[in-house]
Every structure is written in C-alpha cells, then in structure tokens.
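Number of protein chains: 2
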Amino acid sequence: MRVARAFNCHLSLADMSQQMSCKELMKVLGLGAVAFVLGVEWLNWLKRRLRDSRGPLKEVLFFPSPQVCVEHLFIRHKHFPCACPLPHGVETSFSRLLVHLLSARVSLDLCVFSFSHMELSRAILLLHKQGVVVRVVTDRDYMTITGSQIGALRKAGICVRHEMSSAVHMHHKFALVDSRKLITGSLNWTLTAVQSNKENVMVTEEPELVGPYQQEFQKLWEANDPANHKPQYTNGQLNIKTCKDK
Amino acid sequence: MRVARAFNCHLSLADMSQQMSCKELMKVLGLGAVAFVLGVEWLNWLKRRLRDSRGPLKEVLFFPSPQVCVEHLFIRHKHFPCACPLPHGVETSFSRLLVHLLSARVSLDLCVFSFSHMELSRAILLLHKQGVVVRVVTDRDYMTITGSQIGALRKAGICVRHEMSSAVHMHHKFALVDSRKLITGSLNWTLTAVQSNKENVMVTEEPELVGPYQQEFQKLWEANDPANHKPQYTNGQLNIKTCKDK
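Residue numbers (full-length UniProt numbering), protein chains in the order written: chain C, 1 to 246; chain U, 1 to 246.
Calculated from the structure, these hints are not laboratory results. Treat the hints with caution; some may be incorrect.
Since the list can't tell identical chains apart, any single copy or any two copies may satisfy a pair.
Lysine-lysine pairs mimicking BS3-like chemistry, simulated, CA-CA at most 30 Å apart [what the hints assert, rightly or not]:
#	residue 1	residue 2
1	Lys155	Lys219
2	Lys155	Lys23
3	Lys230	Lys219
4	Lys129	Lys155
5	Lys27	Lys129
6	Lys155	Lys27
7	Lys129	Lys58
8	Lys27	Lys219
Starting from the given sequences, assemble the full structure and let the hints guide the process.
Quick look at the structure:
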C-alpha cells in the first residue's frame, strides 16, 4: 500500500515537472538558490552571535613550552612530510603563540625588549614576505647582543626602531596583530624564555585592552623616529640606523 | 494670589500635623524611613547595573611613572600633613598600581622576578600587618641581589617561596588581589622599572583571565614547597629557607 502511494506520488511529481514550463522551472530553481543563500547567511549570523555571546577572545599561555615540531604552521601543505625527530601534531603554548602571530593579514606591530628566538624571527620574516606591514620597536642595548634577530629583520627590509635613550630600557613585550589582537606578557622572544623560564602570555581582542597598547606603540614609534633625533657618532661612524617606513 | 494659596496650604498642613496623633506621626516617619532606605538600595542597584554593563574592570598602566607623593595611600588621615618636596594630589601609573594592591582585604598572591622597590615593599608589609594573607613566589637568583626586599618580607613573617631549579628563571610579574583582581605585565618591582623603563601593567577582574593566573600561582606555590624538596647545603649551611604557611 505504502509502495503504491509512493509510486503515485513519484508519478505525480514527474507529471508536474513535465507540465512545468522552462520559465517556471527557472523560478523554482531561483527561489531554491535564494533560500540556500539566505540559509547560509543565517547560519553565519548565528555563528557570529554565538561567538559574540562568549565575548572577545581571551587566552592565557604559560611557559616553558615543550619542544614540538611547528613546521606545519609555516608550510601549509596538506600532506607535509616532516621528518624531524620532534613530536608532531602536538599543540603547545609556543605553537599557540605562533598561530596567533601568523594570523596577521594586514599589520604586525611588535614592541619587544629582547629578540633572539629563531622560529619567532622566521614567523616575522614570513609575514613580511606575505605583505604584512611589520613595525618593530626594541631596546637599544639588547638589539645588539649575540643571537639577536633584529639585524636579520632589518636586512629583510623590516622597519625597526629602537629606544633612543641609553638610560632607559624598552622593556615591553607585546605585539598587536592587525590592530585588533593583543599579545602581551612577561615573555621575551628568546629560546630561554620559551623553553626554560616560568613565563606568561595573554592574548586578547578586548578593545578596552587593545586600544591603550596600540596608542602606546604609536607613541613609541613616533618618539623613536630617527628623523627626530640628532645623529650620534661613535669613533667617527654614525650609530643610528635609519629605515624606510611603509 | 499665589502667596495666598501657599499660605492656605501651609496652614492646612500645620493643622494636619496638629490633628495627627503621635501614632500616626510615627507611621509617617517610619514609612518615610523605609522609602529612604529603598531609594538608597535602588540607587546602589542602579550603580551596580551600570558597572556591570561596562563589564569587569580593565585598566592599563604605562611606565615610567613620574615621581609623586604617595604617602596619603599609606596613612589615610583626613588632613595628612605631608611636608615632602614631591608633587601632591597627582594620580600616576604608580599610584594607581599602589591603589590596586592596597585594595586587598583577604589575600595577595604575588609572583615576581625581581623585587627591590621600597614603596611596593612597604605596601606588602602594610597589607600583612592588616591581616591580609600574603604569599610570594620569586626567583632564586634575583631574590638575593643588592636591594632585594625579599629578606624584609621574610623577616616580617610573610611566606616567600622561590623557584627551586637554578636552571630556570621565575620570570612572571603578576599579583592576584583577593583572588579576583589580576595585576600583570612587563614591570618588575624595581625603582628602575617604575621610574625609568618603558613598561606596561594590566589590571583586570575578567574571570577568564584571572582564573588561569590563579591556577598558575597555586601550581608554582605547591611545586616550590620546601617540604617537597631535599635541603641543599652550601659550605655546610642550609640554603633553602622554610616558611610557616598561613
């Protein structure tokens, strides 16, 4: 009985489609497409509402972080054959830090006291290569210590400014991703800090926190513009490097 | 005409009060008192609602901070006669930091790499004297440098634990006030950091941020319990100090 009903139904639908003119069919298909688009839009709206109800991103990372392979964060091939001996597919505080940094699409403003970590330097160079506008403010004394990556950044064309006063340390350790995500804490960008020390990093998109740090960065960026300072000479050589702003 | 009406009204009210019995007067006064209390409660509720609508406390402080008199934060006499030559009545990043620390009523958990600032030490000692349970975790190497206040805290009976491993730096710089307010940033508790360096401190009551830091403190507190570590001797002398937990 059920089969017969289904058959009748099938027949009547087939008849309908035969009876429908091409114009009507187009109408039905058009309305279906509109309904589909509206459905997708509604789902996106629902997703945004759910995310907004949790509030802006707030994440806390603690260090030291165990050493794991982070190669997949730099080279995003689907089947990336990494043969290194480190553990793979493990999420750590350091890999989360890298993920947040590499999420930059427009700009990265970095204010860091000490910067000698190779992988973090690689991340910054990659962003610069991808067209992200990178600006760095660092400490005058610590930028020249052994292993500092500041030279590598400058060599690649990244604009770096340093604290002009030798009596003051630029001791901040924060980054601003696309002017909307703040990464800040006690962590200097060194291997010891990442792998050995007890450190903390907070990642937030809370506008009330991001705003003041963005203003502080801009203040330091302008205050340490070499164009506003008299060049200083040591042994007859100019010791303030200039950079080409983007 | 208006004066006459007001006069009549005044007369009738006077008559009413004369006609009211003592019992009725008490009723009116009682109702008035209830209305007043309800009004005050409603205003407090409105205040709380307005505060809640702004979300939990979020404050960012940048350093260096200009040197001003902070004596009034320690001694809260109404007419405190401070004769020091520093500017008075000025709010700075440092005075805000002190205000937040001195707001502790129950507990203060402090995790700080380097601690030599005299005024900050004074604040911690005052809280301890007032009965606030203070716990400090610090760095093994930096707690013995010249000017360190760790000895003064221990001498006053405050329980201090230090990072047990000599290969690791306890590089955090955060404090938890009453387990609900987080103070964290790049600032070590030194005079150079407060008065000279470019530093940042964030103060927040956001539970999603306070929670992880409270857990981290507890983890470090337990991990560095001298009772769980073998005593180490240098030149025949015990070099791990024990403390009496509260």
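Here's how the hints hold up against the structure:
1. For a Cα distance limit of 30 Å, the shortest separation of lysine 155 from lysine 219 inside one copy, 25 Å, qualifies, whereas the shortest one across copies, 42 Å, does not.
2. Taking identical chains as interchangeable, the C-alpha atoms of lysine 155 and lysine 23 are never at most 30 Å apart, the minima being 64 Å within one chain and 91 Å between chains.
3. Taking CA atoms no more than 30 Å apart as the test, lysine 230 paired with lysine 219 passes inside one copy only; the shortest distance there is 19 Å, against 50 Å between copies.
4. Taking the shortest Cα distances, lysine 129 and lysine 155 sit within 30 Å of each other inside one copy (13 Å), while across copies they are farther apart (56 Å).
5. Proximity of lysine 27 and lysine 129 under a CA criterion of 30 Å is satisfied in neither setting, with 48 Å inside one chain copy and 81 Å between copies.
6. For the identical chains of this complex, lysine 155 and lysine 27 are neighbours neither inside a copy (60 Å) nor across copies (85 Å), given an alpha-carbon limit of 30 Å.
7. For the identical chains of this complex, lysine 129 and lysine 58 are intra-copy neighbours only, at 28 Å inside a copy versus 36 Å across copies, given an alpha-carbon limit of 30 Å.
8. Taking the shortest Cα distances, lysine 27 and lysine 219 never come within 30 Å of each other, neither inside one copy (59 Å) nor across copies (64 Å).
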